[in-house]
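One line per chain: the protein sequences are Y and A, in this order. Position one of the first sequence corresponds to residue 598 (my numbering), numbered consecutively onward. Position one of the second sequence corresponds to residue 589 (my numbering), numbered consecutively onward.
Treat the hints with caution; some may be incorrect.
Claimed, not checked - No farther apart than 25 Å at their CA atoms in a straight line, the calculated lysine-lysine pairs in the DSS-like style are these:
#, chain 1, residue 1, chain 2, residue 2
1, A, Lys-601, Y, Lys-649
2, A, Lys-684, Y, Lys-653
3, Y, Lys-646, Y, Lys-674
4, Y, Lys-657, Y, Lys-646
Simulated from the structure, these hints should not be mistaken for lab results.
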Amino acid sequence: GNSVTQMEGPVTLSEEAFLTINCTYTATGYPSLFWYVQYPGEGLQLLLKATKADDKGSNKGFEATYRKETTSFHLEKGSVQVSDSAVYFCALSDAGGGADGLTFGKGTHLIIQP
Amino acid sequence: ETGVTQSPTHLIKTRGQQVTLRCSSQSGHNTVSWYQQALGQGPQFIFQYYREEENGRGNFPPRFSGLQFPNYSSELNVNALELDDSALYLCASSFKAGTSYEQYFGPGTRLTVT
């Protein structure tokens with residue numbers, strides 16, 4: 598079946614540091630890949646997506662590249678801000694798995710200190 | 589443009605009872621998906637409705653059932669509640685069914701089973 602593995606948190610960084618959150622996946626077909634962000638007390642918001650190999654998704658200074666050869670979709674940002682503190686979820690959507698639902702990782706709690 | 593809304597915000601039920609959660613999809617969206625998010629975990633796909641029919645289902649027992657109405661709003665029903673059903677229930681809508689269509693999430697309903 599489909600699965601997503603992402604690095605355990607919490608990840609604590611200082612403001613302006615470089616961020617990487619690792620994400621690897623297992624899928625039966627050719628999935629689309631997503632990063633969602635969840636701020637305290639809120640629902641999930643789509644941060645970025647990539648629908649085929651070598652695509653790069655980017656938004657708000659975050660970016661991630663769909664690497665089929667390593668089955669990875671790592672999230673990066675060059676200079677984080679306190680406002681980036683949230684929980685980040687890597688997810689995939691693979692109709693070849695029999696449903697169109699998203700498969701999520703467990704989430705990575707990011708804490709940015711001023 | 590109205591986003592995805594869910595009701596109620598919070599709910600407390602007793603083991604063995606039944607519960608109905610409601611979701612209004614974003615304007616123009618005909619597909620609704622439901623997810624269960626346990627504390628500290630990523631959301632898990634329950635099922636998806638497309639044009640009033642179940643379009644896919646995750647690994648949840650039959651006591652989890654749903655409906656989608658002609659206006660594309662949706663209900664999630666859970667019978668014979670168990671303590672492990674305590675979670676945040678998220679509804680997401682999308683323009684169409686399909687792996688590359690973005691899912692827009694509501695704020696969720698927090699269900700507590702005692």
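Evaluation of the provided hints:
1. About 43 Å separates the Cα atoms of Lys-601(A) and Lys-649(Y), which puts this hinted pair outside 25 Å; it is violated.
2. As the CA atoms of Lys-684(A) and Lys-653(Y) are separated by approximately 23 Å, the hinted pair is consistent with the 25 Å bound.
3. Proximity of Lys-646(Y) to Lys-674(Y) is assessed by CA-CA distance (about 15 Å); at most 25 Å being required, the pair is judged to hold.
4. Using a Cα cut-off of 25 Å, the hinted pair Lys-657(Y) and Lys-646(Y) holds, with the two alpha carbons roughly 13 Å apart.
Of the hints listed earlier, the one the structure fails to meet is number 1.
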